[in-house]
Amino acid sequence: MRYLLRRSAHAAFLLLGVSLLAFAFTVLAPGSYFDEMRLNPQIAPETIVALRSRYELDRPLPVRYVHWVISLAHGDMGFSFAYNTPVAPLLLVRARNTLLLTVTVMLLAWGIALPLGIWSADHLGRLPDRLLSWGTAALLVIPDLVLALGLLVIAVKMGRLPTGGMVSLNFENLSFLGKTRDLLLHMALPVAALVLSVLPLLVRHVRAAVAEVLLAPFLLAAEGHGIPRRTLLYRYALPAAANPLVALFGFSIGTLLSGSLLIEVVMSWPGLGPFLLEAILARDIYVVIGGVLLSTLFLVGGNFLADLLLYWADPRIRTETGA
Amino acid sequence: MTAESHETSEPLVRVENLVKHYSKRKLVGSVEEVRALDGVSFSIFRGTTLAIVGESGSGKSTLAFCLACFEKPTSGNLWFEETSLSGLKEKDRRVIRRQIQLIFQDPANSFNPRWSVLEILTEPLVLQGNLSRDEMHPRAQALLEQVGLSSHLGEKLPSELSGGQRQRLGIARALGLRPKLLILDEALSALDCSVQAQIANLLMELQASLGMTYLFISHDLAMAAHLADEIAVMSRGQIVEQGAPEEILTHPENRITRELLAAVPRLDLSRPPLAES
Amino acid sequence: MRGRRAISGWLVVLVALHACVLFAGFFAPYDPTEQDRGRPYLPPMRLHFLDNRGHFHARPFAYALKLAEGSFDQYEEDTRRALPLKFMVRGANYRLLGLLPSRLHLFGAENERIYLLGSDAYGRDQLSRFLYGGRVSLFAGLLGAGVTVLLGLCVGAAAGYYGGWRDDLLMRLAELFLALPWLYLLFALRAFLPLAVGPLEAFFLIVAVLGAVGWARPARLVRGVVLSAKERDFVRAARGFGATDGYLLRRHILPATSSVLLTQAAILVPQFILAEMTLSFLGLGVPEPVPSWGNLLSSLQQYSVLVSYWWMYLPALIMLPFFLGYLGLGSELQERAEPYKIER
Chain A
4 MRYLLRRSAH
14 AAFLLLGVSL
24 LAFAFTVLAP
34 GSYFDEMRLN
44 PQIAPETIVA
54 LRSRYELDRP
64 LPVRYVHWVI
74 SLAHGDMGFS
84 FAYNTPVAPL
94 LLVRARNTLL
104 LTVTVMLLAW
114 GIALPLGIWS
124 ADHLGRLPDR
134 LLSWGTAALL
144 VIPDLVLALG
154 LLVIAVKMGR
164 LPTGGMVSLN
174 FENLSFLGKT
184 RDLLLHMALP
194 VAALVLSVLP
204 LLVRHVRAAV
214 AEVLLAPFLL
224 AAEGHGIPRR
234 TLLYRYALPA
244 AANPLVALFG
254 FSIGTLLSGS
264 LLIEVVMSWP
274 GLGPFLLEAI
284 LARDIYVVIG
294 GVLLSTLFLV
304 GGNFLADLLL
314 YWADPRIRTE
324 TGA
Chain B
3 MTAESHETSE
13 PLVRVENLVK
23 HYSKRKLVGS
33 VEEVRALDGV
43 SFSIFRGTTL
53 AIVGESGSGK
63 STLAFCLACF
73 EKPTSGNLWF
83 EETSLSGLKE
93 KDRRVIRRQI
103 QLIFQDPANS
113 FNPRWSVLEI
123 LTEPLVLQGN
133 LSRDEMHPRA
143 QALLEQVGLS
153 SHLGEKLPSE
163 LSGGQRQRLG
173 IARALGLRPK
183 LLILDEALSA
193 LDCSVQAQIA
203 NLLMELQASL
213 GMTYLFISHD
223 LAMAAHLADE
233 IAVMSRGQIV
243 EQGAPEEILT
253 HPENRITREL
263 LAAVPRLDLS
273 RPPLAES
Chain C
9 MRGRRAISGW
19 LVVLVALHAC
29 VLFAGFFAPY
39 DPTEQDRGRP
49 YLPPMRLHFL
59 DNRGHFHARP
69 FAYALKLAEG
79 SFDQYEEDTR
89 RALPLKFMVR
99 GANYRLLGLL
109 PSRLHLFGAE
119 NERIYLLGSD
129 AYGRDQLSRF
139 LYGGRVSLFA
149 GLLGAGVTVL
159 LGLCVGAAAG
169 YYGGWRDDLL
179 MRLAELFLAL
189 PWLYLLFALR
199 AFLPLAVGPL
209 EAFFLIVAVL
219 GAVGWARPAR
229 LVRGVVLSAK
239 ERDFVRAARG
249 FGATDGYLLR
259 RHILPATSSV
269 LLTQAAILVP
279 QFILAEMTLS
289 FLGLGVPEPV
299 PSWGNLLSSL
309 QQYSVLVSYW
319 WMYLPALIML
329 PFFLGYLGLG
339 SELQERAEPY
349 KIER
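Chains as they are written, first to last, in our numbering: chain A, 4 to 326; chain B, 3 to 279; chain C, 9 to 352.
If you are wondering where the hints come from, they were derived from the structure by calculation, not from laboratory data.
Ideal Cβ positions, reconstructed from N, Cα and C, are used throughout, including at glycine.
Fair warning: there could be bad hints in the mix.
Straight-line distance between alpha carbons at most 27 angstroms, and here's what the computed BS3-like set of lysine-lysine pairs gives [what the hints assert, rightly or not]:
(1) B:K93 with B:K74
(2) C:K94 with B:K158
(3) C:K94 with B:K74
(4) B:K91 with B:K182
(5) B:K93 with B:K182
(6) B:K74 with B:K91
(7) C:K74 with A:K160
(8) C:K238 with B:K93
(9) C:K74 with C:K94
(10) C:K74 with B:K91
(11) B:K74 with B:K182
(12) A:K182 with A:K160
Chain B residues, not near chain C, derived (Cβ > 10 angstroms throughout) [to be verified]:
(13) L14
(14) D40
(15) T76
(16) L104
(17) N111
(18) S134
(19) R180
(20) Q198
(21) A199
(22) G213
Footprint (simulated), chain C over chain A, 3 or more residues, beta carbon under 8 angstroms [what the hints assert, rightly or not]:
(23) 10–20
(24) 141–155
(25) 179–189
(26) 260–268
(27) 286–294
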């Protein structure tokens with residue numbers, strides 16, 4: 004239990020840190036942004052007055068921070084100047100789309116990386132392992148942007164897959180099956196691009212972690228006892244290598260969130276990426292801050308999930324007391 | 003160096019009731035106290051050798067670090083030539099430090115691996131700052147000669163030297179500052195037997211020619227008896243027995259001393275077997 | 009570091025590649041901003057040794073392009089007009105390394121412009137734009153990595169050497185920065201900086217933002233090295249000779265961090281090149297008409313370009329050797345630092 008408590012404290016610390024950073028940004032923001040807004044004929048002067056009082060420009064900072072956090076907790080993430088509505092509902096739709104993409108990629112990438120990395124570690128230094136290492140190195144060399152654009156060029160040349168958006172124009176008229184098919188087809192390219200961009204990192208780390216464990220005396224002993232190779236790899240080696248892999252899981256969420264930001268823009272997936280970009284170009288500051296906060300929430304949530312997983316996988320942590 | 007001469011001359015170092023506690027902070031809650039030194043008192047007289055012998059974890063190295071001003075004692079007093087080390091300012095402490103030099107156990111770890119022998123030797127001279135660039139080189143050569151190292155070694159890296167050569171280099175570097183006290187913290191322990199003997203002889207020669215004072219810290223009672231004028235046996239942060247080497251070797255009073263004696267492989271002294279006690 | 013280590017092959021490759029970009033004026037046939045409005049989206053010209061009658065020519069040549077019959081954007085080779093490749097020709101003015109005025113170019117053609125990588129919407133030579141664009145992207149990456157590593161060194165050394173609450177505070181902050189998705193952080197920082205800036209300001213803005221985002225990992229690694237270095241006996245010994253904190257840091261502790269810093273730099277440079285590309289690609293970085301690798305690719309965001317002018321993607325492929333070079337150098341440095349570790 005202590006372990007879970009400690010991890011919760013860590014998650015809370017991350018959220019606190021990011022919220023402080025984001026708050027610092029909002030504090031920096033109003034002064035100049037309200038002034039800029041005055042020049043914007045689309046925003047009524049009353050709105051500006053209301054906003055000024057809502058952001059309590061005359062109150063001391065700690066008070067403003069507490070109030071800001073409370074309003075966050077009530078789902079108030081500020082005001083979008085460009086859309087002239089509150090930020091939260093706008094963001095949530097985009098965040099849902101981003102989540103759909105990233106969760107799919109996460110499952111797929113780990114589902115491929117684990118068996119591939121373990122297999123590679125099992126054949127360490129032999130031809131299949133070397134070929135795989137070359138393959139992952141090659142993928143590692145290709146930057147996300149180049150990879151995504153390349154896939155797009157190929158897809159356009161083949162003309163089989165939709166190359167933008169999330170659904171077809173006639174989506175509403177499709178049957179349930181048709182809708183699913185349409186969505187999956189639209190997801191194919193961004194998912195492929197993201198999986199290919201995180202996969203080499205995952206495979207290489209899984210391989211290294213498992214290979215290190217395979218050299219441990221207790222596994223050599225188990226091998227000597229005549230335990231089948233498959234059981235040895237998946238029931239003995241993999242749980243023993245869980246600790247670094249869970250850390251990698253947390254890290255991969257961060258990488259993936261960044262990657263998806265870019266790939267959503269390139270593949271025009273209506274997630275947080277294009278929305279944030281648009282917001283930056285329109286100087287729609289609360290949208291940006293809200294987006295960053297949401298992404299941190301995903302990250303912290305994902306990390307906590309990983310910690311739960313480790314708690315389940317590693318008996319040492321379950322029995323841990325004190326220190 | 004007989005026992006009578008001690009009484010007439012002033013001690014170089016005087017240690018009174020020295021206490022050093024380390025607090026280990028646990029992640030959750032309580033603070034655990036480790037008593038590394040628990041009321042240690044002794045004196046070292048000029049030109050003599052005091053050996054501190056004890057098993058590992060008995061507080062020997064903490065004592066060395068406190069004397070060399072690397073650690074601040076929790077309580078108790080340290081005098082070096084009538085100067086009390088406890089209430090010293092950082093600047094004065096730096097001056098005192100030069101007169102008390104420490105030779106480390108692991109010679110591989112006590113030199114910057116990227117530096118040449120000459121750079122290593124001149125470092126204390128540079129830091130002392132009272133020699134010009136031109137004077138440093140001959141001084142370094144003289145130091146090498148003093149500890150019996152060839153002057154050709156100047157351009158070598160410490161990793162290219164043998165264990166004995168490295169320990170000689172360590173002594174030469176410490177001598178550069180003309181210290182009054184040399185603390186040898188397990189300085190011979192990492193060496194082969196024959197090399198140990200060579201370095202021990204070197205130390206005795208230096209003591210005879212320069213009038214050096216040594217604090218010899220070791221777990222090896224035989225070597226301590228060979229080198230020292232007086233032996234103090236330490237256990238769990240306290241001195242449990244103290245006396246002249248012959249005394250200690252022939253009539254060990256404390257259980258710890260007897261255990262340490264038993265650990266000595268061959269002792270060509272005629273003494274009754276340990277089993278009788 | 010007594011010159012006993014062989015010079016890395018990757019380093020040689022990287023230096024050669026960077027020289028091409030550094031001397032872009034000489035290697036590029038044209039000025040990157042010079043437009044030829046009549047020839048937008050020209051496909052890459054192929055170099056031939058055999059003409060259409062099968063005769064061999066020792067000097068490679070390209071055929072001029074003409075609009076295909078009945079088309080407004082499809083070009084075909086005009087076999088009546090051969091453009092022999094000339095070497096060491098005089099052409100557009102430029103300043104070598106920004107200093108020496110010169111007109112000498114590695115190659116070019118007479119009478120007509122030669123487009124080995126095709127042209128963009130304004131008829132600008134893509135090859136020239138690639139080489140000049142590399143200056144911005146590569147040096148943003150190099151400078152950004154330099155700033156980051158320096159920042160990491162200062163923070164890590166301070167945390168490791170002084171310890172205590174400073175260490176706690178700095179390392180918590182580093183953890184925060186490490187956990188955050190870097191592109192979000194980049195976006196958030198960029199959102200608060202002015203949008204419409206000149207190319208030079210944009211360049212330094214990017215470098216500063218990159219430095220602000222990336223310092224945490226080198227800082228943590230440096231801290232680790234400093235922590236172990238300050239417990240080494242030779243540092244203790246020097247303290248015994250009367251050394252001050254400044255001396256210990258300068259002479260013993262910071263030199264020990266050099267290999268970590270070098271490795272980190274080699275890993276960071278390609279990441280930062282990519283970051284610059286991403287920002288410029290999205291229109292948040294270096295603005296047109298100054299070329300950078302990012303805005304070179306940004307035309308591919310238009311569907312029509314993607315469908316009809318695939319060669320706009322070619323620069324992306326020519327970038328790959330640069331990334332390969334850095335990856336190779338980085339893993340080699342890492343292997344030197346930890347020779348027995350299983351490579352990741």
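Checked hints:
1. B:K93 with B:K74: holds (15 angstroms)
2. C:K94 with B:K158: Not OK: C:K94 and B:K158 at ~56 angstroms, beyond 27 angstroms, violated.
3. C:K94 with B:K74: violated (78 angstroms)
4. B:K91 with B:K182: holds (20 angstroms)
5. B:K93 with B:K182: Given that 27 angstroms is the threshold and the Cα spacing comes to 19 angstroms, the pair holds.
6. B:K74 with B:K91: holds (12 angstroms)
7. C:K74 with A:K160: holds (24 angstroms)
8. C:K238 with B:K93: holds (20 angstroms)
9. C:K74 with C:K94: holds (21 angstroms)
10. C:K74 with B:K91: Distance of about 87 angstroms is beyond 27 angstroms: violated.
11. B:K74 with B:K182: Holds - the C-alpha atoms of B:K182 and B:K74 are around 21 angstroms apart, at most 27 angstroms.
12. A:K182 with A:K160: holds (25 angstroms)
13. L14: holds (17 angstroms)
14. D40: Consistent with the label, B:D40 stays out of reach of chain C, its closest Cβ about 24 angstroms off (over 10 angstroms).
15. T76: Nearest chain C Cβ is 19 angstroms from B:T76, so the label holds.
16. L104: Violated, since 6 angstroms does not exceed 10 angstroms.
17. N111: violated (5 angstroms)
18. S134: holds (18 angstroms)
19. R180: holds (12 angstroms)
20. Q198: holds (19 angstroms)
21. A199: holds (24 angstroms)
22. G213: holds (21 angstroms)
23. 10–20: holds (count 3)
24. 141–155: holds (count 10)
25. 179–189: Three-residue rule not met by the region 179–189 of chain A, so violated; n is 0.
26. 260–268: Holds, because 6 residues of the region 260–268 of chain A bring their Cβ atoms closer than 8 angstroms to Cβ atoms of chain C.
27. 286–294: Coverage by chain C holds for the region 286–294 of chain A (5 residues, Cβ < 8 angstroms).
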